[in-house]
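Novice: Model the full structure from these sequences, guided by the hints.
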Amino acid sequence: MLDTTYNVETPEGIDLRARAAGPVPRILAFAVDLFYRTLILAGLGIALAFADTAGIGIWLVCSFLLEWFYPVFFEVLRGGQTPGKKAFGLIVVNDNLTPISWGTSIVRNLLRFADFLPFAYATGVIAMTIGRHFQRLGDLAAGTLVVYREEDKAPIALPDSSPVPPPRNLKQQDQRALVSLLERHNDLSEARQQELANLLEPITHKRDGAALGYLRSVGSWLLGGRG
Amino acid sequence: MQVKNLAVQARLRSQWESIDLGTALARKYWLPLFLVWLLPAALLMGALAMLFPGAPGWSMFAVWWLKPVFDRLPLFMISRALFGSPISASAALKQFFTQNRHDWLLWITLRRLSPTRSFDLPVTVLEQSSGKARSTRISMLHRKHSSAATWLTLTGVHLEGFFLVAAFILIYLFIPEQIAANIDWQPIFRGETLGLEWISNVLYLFIMAAVAPFYIVSGFCLYIGRRIELEGWDIEIQFRDLVQRHQREHRPRQRGITGNSAALLLVFTLSFGFLASAPDIKADALETPQQAQQHIDEILAGEDFHRVEEISGWRLKERESREQKIPEWLIEFIEWLLNRSPDDDNASTSSWGPTIARIIEILLWIGVIAGVIYLGWRHHDTILKNLRWQRKPKPKAAVPETLFGLDVRQSSLPDDVCAEVLRLWQTGEQRAGLGLLYRATLSHLIEDFQFHFGDHLTEAECAQLVHRRQSEPAEDLPSVTAPLSQFVQQLTSDWQQLAYAHRSPVDARMRALCQEWQEVFRNDS
Chain A
1 MLDTTYNVET PEGIDLRARA AGPVPRILAF AVDLFYRTLI LAGLGIALAF ADTAGIGIWL
61 VCSFLLEWFY PVFFEVLRGG QTPGKKAFGL IVVNDNLTPI SWGTSIVRNL LRFADFLPFA
121 YATGVIAMTI GRHFQRLGDL AAGTLVVYRE EDKAPIALPD SSPVPPPRNL KQQDQRALVS
181 LLERHNDLSE ARQQELANLL EPITHKRDGA ALGYLRSVGS WLLGGRG
Chain B
1 MQVKNLAVQA RLRSQWESID LGTALARKYW LPLFLVWLLP AALLMGALAM LFPGAPGWSM
61 FAVWWLKPVF DRLPLFMISR ALFGSPISAS AALKQFFTQN RHDWLLWITL RRLSPTRSFD
121 LPVTVLEQSS GKARSTRISM LHRKHSSAAT WLTLTGVHLE GFFLVAAFIL IYLFIPEQIA
181 ANIDWQPIFR GETLGLEWIS NVLYLFIMAA VAPFYIVSGF CLYIGRRIEL EGWDIEIQFR
241 DLVQRHQREH RPRQRGITGN SAALLLVFTL SFGFLASAPD IKADALETPQ QAQQHIDEIL
301 AGEDFHRVEE ISGWRLKERE SREQKIPEWL IEFIEWLLNR SPDDDNASTS SWGPTIARII
361 EILLWIGVIA GVIYLGWRHH DTILKNLRWQ RKPKPKAAVP ETLFGLDVRQ SSLPDDVCAE
421 VLRLWQTGEQ RAGLGLLYRA TLSHLIEDFQ FHFGDHLTEA ECAQLVHRRQ SEPAEDLPSV
481 TAPLSQFVQQ LTSDWQQLAY AHRSPVDARM RALCQEWQEV FRNDS
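Here the protein sequences line up with chains A and B, keeping their order. What the first sequence shows, in the numbering used here, is residues 1 to 227, in sequence order. What the second sequence shows, in the numbering used here, is residues 1 to 525, in sequence order.
Think of the hints as simulated: they come from the structure by calculation, not from any bench. Model, not experiment: these values are computed from the prediction. There could be a bad hint or two in this list.
Said to hold, decoys possible - Here are the simulated lysine to aspartate or glutamate pairs, EDC-like style, with alpha carbons at most 20 Å apart:
id, chain 1, residue 1, chain 2, residue 2
1, B, Lys28, A, Asp3
2, B, Lys317, A, Glu150
3, A, Lys206, B, Asp415
Specialist: Structure, rendered in structure tokens:
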């Protein structure tokens, strides 16, 4: 099954799963950062206009620092997110999913130079597209990865249903599907929900409304409700 | 179309994740998709080059404008691949006109500049809907993913442009410097070099064909993601899987009920063995399978299998709350610095400017000195060692009472060690005998020769220490004679042989050791 997830197993045998972020959101996040950087530099240029040559010097130093250390600063001190990445819910992590440090961040950002060649990050985009986990050259060198940050889910209003214990032999995925059916009661049409519930007729021995009601009850049990 | 044959993981995805899935999927089938896009477009381009060799710009524009026509075949191919019945590139190419029959005019006129082209195209190509049905469908789909589809198109447009420039720069980088210096750039920038423009067209055609699969498949995955969300495909697939497993489990059970019942009986007997102490087991209630089943269900529904624990406590949640705002005074100071014009009246500046500079200078010097002192204190051990400044010897370390599990206090020794050793030796307690001799030796070395044997040393290392003192005598410690050192080496090796290898020395050697012991420690005893 093709998917964009990135799995890591810890020595304790715990599976960690992250969703690797591909070129399109990363390019857009970069564009947002570029926009912010340009704004800052423009503002600085106006503020330093009075100081002639010295102003130009300071401006050049600032633009150098911004170009190379703007991402490093945010990635290390702001939890792996530059403002652009934050806008797209992206986060930079080590490839074992730990937060990145100064060293790795500096390596991956210095190597943007290699990714830039021959123009406008063409190499980086190609590397990201070809790479299994959408890593550009800097990411490969530093051993980092850009993934989606897990967002806190807002509580969902659930339909009223008295919890009923589930049938046996439900795998975790089955339970998740049942919960999903309950949680998406507003997004899926009623007819479609009944159609889905009818699929389980050999197990539930119910049809249509009754089957859906039963599955919702099971779902609310799985979510922790008790009669 | 069978949802259960879906070749990608069905799950709820955000719009960006759907695009990423499209990237991954396009990467997997890139070559056939690329060819299927490129060949028709290249044919058209070739025909245009034959007919209008003087209009490269317009030819390019025509090919570019007809993109929706070329997009259909890759879309058709990837949809077949996604639902588990892939077709080859040549088979797809034969379908070029069939696929383009539906709704083609609108796509190359009104909808050509639609920013959500790749997202909308599946509705036409795969659902074959048009008119009012299509517009209601599109508005339904657009409720969520249309912004990502727009951004996808914008990104694609820019990528094509940037890649073209990048390709030219790459070519330029490979031109030797002597030749590059003599290039006359004027006609190139004015667009007067026909050949170069056609080369540019070919390059651009290849770039479009290379980017197109990613664009089309990403849009298609957005469409698929939206349908997974709207129609609950992930739930459907999981439910079908569950039912299939359920049927697999139940069919053999009914057929082989006799075979299973023996095993079932065994399981029950075993479980009763373990659960006999549980008070509420009703053995007589388990007569028929139905009753047993019911009983099992009751137990499974009971509290024991649904224990919920709530653990509450205070944890550090997010560190961001500790973020400090930039203090007001710093902002004001920087603003003051920035707004201060250079030609302020010098009178006020000169009066207190140098004072401030003086204070800052003093502060900096204090900082430097404090830093040096801190570094010196931090690393004083290493520095002293490197400078070979021996510090005063530590107060004499406590004399150990036991070494290697042997009591080495002198008070624990018998008055006449040798006699005791020989007595033990002759009564057959060789281990005790040699042990006592070794113990006595260590004890004398510690107390008379002020050796410090730490707990971490092995027997051999102790012997080495003695040897080292003999070869390089220290000034303030009693010196060790060569016979003593040699004796310690021999005794140690004999003791190791006995203690660890259970090989005892011969009688004569034992006697000789006792003799030597008396000689080397004669002064002390």
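Novice: Could you run down the list of hints and mark each one as holding or not?
Specialist: Tested hints:
| no. | hint | verdict |
| --- | --- | --- |
| 1 | Lys28(B) <-> Asp3(A) | holds (12 Å) |
| 2 | Lys317(B) <-> Glu150(A) | holds (15 Å) |
| 3 | Lys206(A) <-> Asp415(B) | violated (98 Å) |
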